[in-house]
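**Q** Using the sequences plus the hints, can you model the full thing?
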Amino acid sequence: MSLATLDLPAPREGVLRRLSDALLRRGQLIVLLLLAPPLLWLGLVYLGSLFVFLGQSIFSIDEFSGTIVREPTTATLIELFRPANFDIVMRTVGVAAAVTLLCALIAFPIAYYAARYAGPRAKAAFYLAVMMPLWSSYLVKVYGWKLLLAKEGAISWFAGRLGLDGALDAWLALPLVGGPSLSVSYTGMVLTFTYLWLPFMILPVQAALERVPASLIEAAGDLGAGPGTTFRSVILPLAMPGVVAGAVFTFSLTLGDYIVPQIIGTSALVLGQAVYTLQGTAGNIPLAAAFSLVPILVMALFLTLAKRTGAFDAM
Amino acid sequence: MNRPSLGLKVAALGGLAFLHIPLLFILLYAFTTEEKSYAFPPPGYTLKWFGVVWGRADIWAAVGLSLKVAAIATLIALVLGTLAAGALARARFFGREPISLLFVLPIALPGIVTGIALRQAFGLMEIPFSFWTIVLGHATFCIVVVYNNAVARLRRLSPSLIEASMDLGADAFQTFRLVVLPNIGTALLAGGMLAFALSFDEVIVTTFTAGQQSTLPIWMLSELIRPRQRPVTNVVAVLVILVTFLPILAAYYLTREGGGARGTNAAGK
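From first to last, the protein sequence lines are chains A and B.
According to numbering that gives the first Met the number 0, the stretch in the first sequence is residues 0 to 314, in order.
According to numbering that gives the first Met the number 0, the stretch in the second sequence is residues 0 to 268, in order.
It should be emphasised that the hints constitute simulated quantities derived from the structure, not laboratory data.
Treat the hints loosely; a few may be bogus.
The list that follows gives simulated cross-link-like pairs (lysine to aspartate or glutamate, EDC-like), each with its CA atoms no further than 20 Å apart [stated by the list, open to error]: (1) B/K35 <-> A/E151; (2) A/K150 <-> B/E222; (3) B/K47 <-> B/D57; (4) A/K150 <-> A/D168; (5) B/K67 <-> B/D57; (6) A/K122 <-> A/E209; (7) B/K35 <-> B/E222; (8) A/K150 <-> B/E34; (9) A/K150 <-> A/D164; (10) B/K8 <-> A/E209; (11) B/K47 <-> B/E33; (12) A/K150 <-> B/E33; (13) A/K306 <-> B/E96; (14) B/K47 <-> B/E34.
**A** Structure (structure tokens):
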């Protein structure tokens with residue numbers, strides 16, 4: 000038996016080879032060269048324009064001429080706390096909180112079933128059933144809810160058929176959640192948001208639940224805990240990071256959205272609409288920038304708190 | 000493991016039904032004969048509106064623009080996203096974490112902030128709004144989808160494969176073409192499809208970076224705010240569902256072995 004020799008073609012010669020050798024000798028150079036194009040766009044142009052836009056929140060607007068006064072001032076930021084503006088912030092945070100809560104309530108059973116009881120085939124079906132609506136067109140989904148919520152639409156019709164039209168009217172007569180019809184009420188807005196962001200809650204909750212070891216649940220049972228106690232003191236705490244991870248999505252997506260409130264919602268503005276009007280018709284870029292800082296700061300706070308619960312491992 | 004309780008089954012299936020029923024209603028409304036309202040149940044059924052949409056030049060123009068924007072934005076995102084993934088998949092250096100955060104930023108921040116910031120930047124640089132400003136806006140947030148898919152696959156690619164290729168005499172470019180690319184090909188395809196779907200559907204950033212052009216989502220948004228042609232909108236909505244359905248399904252099957260399409264955390268609008 001002789002030593003096998005590999006019959007390899009001779010390494011190619013030329014510019015490419017020398018370039019390749021030069022690059023391989025300096026590993027850091029490759030990283031730098033690869034990173035340069037994406038960093039040039041995202042780091043320089045994108046990040047730069049973000050800073051330019053958000054930085055204008057320290058400028059103010061001249062009330063008479065409507066032009067931007069380029070002198071640093073805290074006046075614009077303080078203006079956020081005027082009652083009318085602060086209401087917008089609180090309203091938006093309130094809607095985001097309601098959406099997040101509703102998402103968590105609807106998502107949990109789906110995620111729990113998929114994680115604990117579904118076989119491999121059912122699990123794949125569940126996954127697709129969650130992914131398809133997630134990736135369907137955003138506007139089409141909003142449109143679907145416009146159809147459903149309309150005064151003459153399907154929800155009213157079904158409520159009438161089931162003899163619940165009285166209950167629907169009573170709900171719409173309530174001060175905060177009601178309105179002339181579902182499509183111009185906070186109820187409709189929250190429902191639409193919940194629908195839009197629900198998959199973002201299901202996926203991380205399911206991922207967290209799948210990591211709960213079966214042995215822990217058996218141990219809880221062996222130690223005398225009933226199903227209810229096991230759920231409350233073993234499963235729920237371990238699933239919480241998943242819920243928090245989902246909440247990061249549902250909360251931030253609601254905070255920044257201005258399309259849904261424009262189509263399904265009351266005349267009272269939310270944050271995104273305020274930014275949109277301020278930069279557009281009102282031409283008040285400094286205040287628009289100040290308002291834009293709010294969701295960013297709220298999310299930064301949220302993420303800092305979320306990090307402590309270990310939510311990022313569940314994403 | 001014991002059986003699921005009836006309550007859990009009902010809640011889980013009810014939740015899934017909640018996710019799908021609105022889409023079914025859109026399908027139903029495409030066939031309605033009602034023109035002036037969203038009346039339910041539809042007073043009658045017709046196929047007429049599909050024909051009307053077929054003959055509408057403005058809708059075809061919007062579809063064409065959306066497809067072109069999505070194709071080019073996806074192409075840019077594929078190049079930049081793959082470069083970024085190649086640099087960051089295994090490298091450990093100071094500043095790596097902030098850089099990966101930077102790639103996620105365009106999708107983590109509300110679309111309106113990205114939109115206004117880019118609009119102002121284009122204004123400052125005196126770039127007139129055009130097809131290309133839309134493409135650049137879309138590419139900005141599509142990079143992360145490609146990046147996520149490529150990074151996940153590159154981390155699973157054994158470094159010994161690359162070393163073996165080099166030991167056998169291939170240079171860096173040959174190794175990339177003959178070893179790395181075939182291994183990450185399906186991940187790039189999946190990332191590209193998701194980026195395409197994301198761009199095809201994007202409305203918020205487009206609002207700020209488009210001039211007079213109307214992409215399909217922009218056309219749809221104007222119809223949503225002031226409905227003028229409800230039956231036509233109904234049909235367009237169905238067509239959009241069908242067009243996005245296929246690439247997403249394909250992306251799912253392409254990345255299935257790897258635990259699903261890695262784009263879920265990147266779909267924020």
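**Q** Each hint should be assessed against the structure and marked as holding or not.
**A** Status of the hints after comparison with the structure:
Between B/K35 and A/E151 the CA atoms are separated by roughly 11 Å; this keeps the pair inside 20 Å, and the hint holds. Proposed proximity of A/K150 and B/E222 is supported: the alpha carbons are some 18 Å apart, at most 20 Å. Restraint check for B/K47 and B/D57: satisfied, since their Cα atoms lie roughly 18 Å apart, inside the 20 Å limit. Straight-line distance between C-alpha atoms of A/K150 and A/D168 comes to about 11 Å, which keeps the hinted pair within the 20 Å bound.
The suggested pairing of B/K67 with B/D57 holds, with an alpha-carbon distance near 15 Å, which does not exceed 20 Å. Restraint check for A/K122 and A/E209: the C-alpha separation of about 11 Å stays at or below 20 Å, so the hint holds. Restraint check for B/K35 and B/E222: satisfied, since their Cα atoms lie roughly 13 Å apart, inside the 20 Å limit. Taking the CA atoms of A/K150 and B/E34, the gap is about 15 Å. The hint holds against a cut of 20 Å.
In summary, the hint linking A/K150 to A/D164 is supported, as the alpha carbons are separated by about 11 Å, within the 20 Å threshold. Simply put, B/K8 and A/E209 have alpha-carbon atoms about 18 Å apart, close enough for the 20 Å limit, and the pair holds. Distance check on the hinted pair: B/K47 and B/E33 sit about 12 Å apart at the alpha-carbon level, within 20 Å; holds. At roughly 15 Å between alpha-carbon atoms, A/K150 and B/E33 fall within 20 Å of each other, so this suggested pair holds.
Under the criterion of a C-alpha separation no larger than 20 Å, the hint pairing A/K306 with B/E96 is consistent with the structure, at around 15 Å. Distance hint between B/K47 and B/E34 is fulfilled; the C-alpha atoms sit about 12 Å from each other, no more than 20 Å.
Consistency note: the structure conflicts with none of the earlier hints.
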